[in-house]
Amino acid sequence: MIVSWNWLKEYVPLEMSADDLTDKLTLSGLNLEGTEAFPEDLGIDLEVTSNRPDCLGHLGVAREIAALYDKPITIPDAQPSESAAKTAEATSVEIECDDLCPQYIARVVRGVKVAESPDWLKSRLETLGIRPINNIVDISNYVLMECGQPLHTFDMDKLHEGRIVVRRAQPGEKLTAIDQRDYELQPEMCIIADADRPVAIAGVMGGLETEISAATTNVLIEVADFRPLSIRNTARVLNLHSDSSYRFERGVDPHGMDWASRRCAELILELAGGELLEGAVVTGAGRTPNSDPVELRFSQISRILGIDVEPNEVVRILTDLGLELQGEASAASCRFVPPSWRRDLTREIDLIEEVARIYGYEQIPEDVLVPLTASSKRVFDHVADRVHNALNGNGYFESITMTFVDDDLLALFRPTGEGEPLRVEHSSRKRENILRQSLIPSLLQSRRENEKRGTFNARLYEISNVYLAASPGDRSGEPTRLSLVSGDSFFDVKGIVELLAKAVNHQSLVEVRPCELPSFAAGRGCEVLLNGQLWGWLGEIAADIKDKLNLRDDVTVAELDFGMLDRTADLTPQFVPTPQYPSSDRDLNFILDDATTWQQVAQTVKAAAGPLLEDLRFDSQFRGKQIPTGKKSYLLTARYRAADRTLTAEEVDASQQAVIAACREQLGAELRG
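When we follow UniProt numbering, the leftmost residue of the sequence shown carries the number 1, and every step to the right adds one.
Errors might be hidden in some of the hints.
[Claimed, not checked] DSS-like cross-link-like pairs, simulated, lysine-lysine; straight-line CA separation at most 27 angstroms:
#1 113 <-> 86
#2 122 <-> 9
#3 546 <-> 430
#4 452 <-> 546
#5 158 <-> 113
#6 377 <-> 502
None of these hints come from the bench; they were simulated from the model.
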């Protein structure tokens, strides 16, 4: 919003320098964008926030200045002389869409002489960046910039039957605007029409056919209140924006409409002559601004601002801003009714902010510095970082999928049958209206999309919430899950799962327990245990699910409770000294019953080998012709090392024989030759 220094001086004394004024306005909330000097004037460009449409006119800025400097403000009375002829006999106004236009005011001036505007008026408009056109149009722009209320002037003789009809556009209607461009109107748009055609786009721009020209002698002055949302939508759809639409989009003062109409008529009589018909045609009930009084407690000012402001000064500031004091202020509080142009003042805190703005934020002393502490991550975030690093380092890519799924996706993976899923009513997505209970279906869908685009082994993972219950405040109903999808083998993915557990706690123990789930291929699924507690599921996806999703390759998936990693995490760095003596590796190849698990083998070996065993590694599993039916072969490697010496072959052999004996006696294992 650009304001003129000379223009402001007509309303409020400007005894300060321009720099002092702009500094004060900036500190009060009207930030300075820049200034531009003219031969006899100064243009001041101010940033006006969307909640202060009252400052989109010189009078609004003058009120701010008067309050800041405790100066009187002078506002023109706007009492033009009227003739005996009545406006209601010359024109009529009908509103067919009062939801878009609550009120319309029309005045008529006859016998005007359209001419060039006087120098003072042209100079004012040029300071604001507005091109002068003629005295009638320039007056309507002048009043717009004076009070912030948009106006429009019609050539009265070009309005068919002299009528004004405010209505919605009809299908197929078009209008040539004063910018000489044709616009196709849409039914939801508010337009101004005469007896049979559109003559203006309401609140945005007038029409070319009824604009003021050198031949105009009779003028109809329009001042109206159009709904902000309607004007915003019209301007956006037509890509047509104007000073008028900018103000209507932010809301105008419904009590300032008649003043603007009278002010425009007064200036037309002064600069273009003619006679003003008696009265105005006012159609529509109009909007009633909020007139509820707001109570302001003086103690709250001290509590919130940290300073004491004298009650008399508080009352002075608020009355200077246009608020009306109700009754007398007591020692403890006072009550104010906000003016119609300040719709943003509805609460006590709003009034306190006004006091702070005008009294001066610089008057508020600085508090003792608040001690600063370095921010730190939660354990959850550190665990997530380690999981990301471990998975990224093993070729996995993080995926972020939709929280909503449809019934088909939901049914793909429900390992524990979590019960009735949560459905979202009135969802914008017609099919995907279910909150997911597992991340696996969405990741499988992502893998399918990758296969379609030629990426056939997309290793994907996701850390996100699933939704199992709707009890308010029940966080257990929204657990965080970690899910993996890969074309790698069961054992490869199992190794990744073990890696994740070790990444957050090197003492974690991961076990698997075979289970049969509909989502897994027969004999290829298991429960995953972390330190003896159920952690999740791991397995190869069943063939029917693979076919349903049109997946080309076999897929192994895992879904784990991320919260267990968070709860069991031990992220304290552990120092492990570099070994000073060499290790000795020995392979073992046992034939075992099919029912024997790796965990049983590992526990037996570790117990029998004693303190010399440093590490035990699973190498492979084998079933075939050389292995009896109901049996399987495990190949494993045991690593031995002593911290204080180099082990002899005899010491290693002794530990190895103890391991073989223990596995034979406890597991029925046979050593393959």
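Status of each hint after checking the structure:
1. 113 <-> 86: At roughly 21 angstroms apart (the allowed maximum being 27 angstroms), residue 86 and residue 113 satisfy the hint.
2. 122 <-> 9: Between residue 122 and residue 9 the Cα gap is close to 17 angstroms, so the pair holds against 27 angstroms.
3. 546 <-> 430: holds (25 angstroms)
4. 452 <-> 546: holds (14 angstroms)
5. 158 <-> 113: Answer holds: residue 158 to residue 113 is near 16 angstroms, not above 27 angstroms.
6. 377 <-> 502: holds (20 angstroms)
Of the hints listed earlier, there is not a single one the structure fails to meet.
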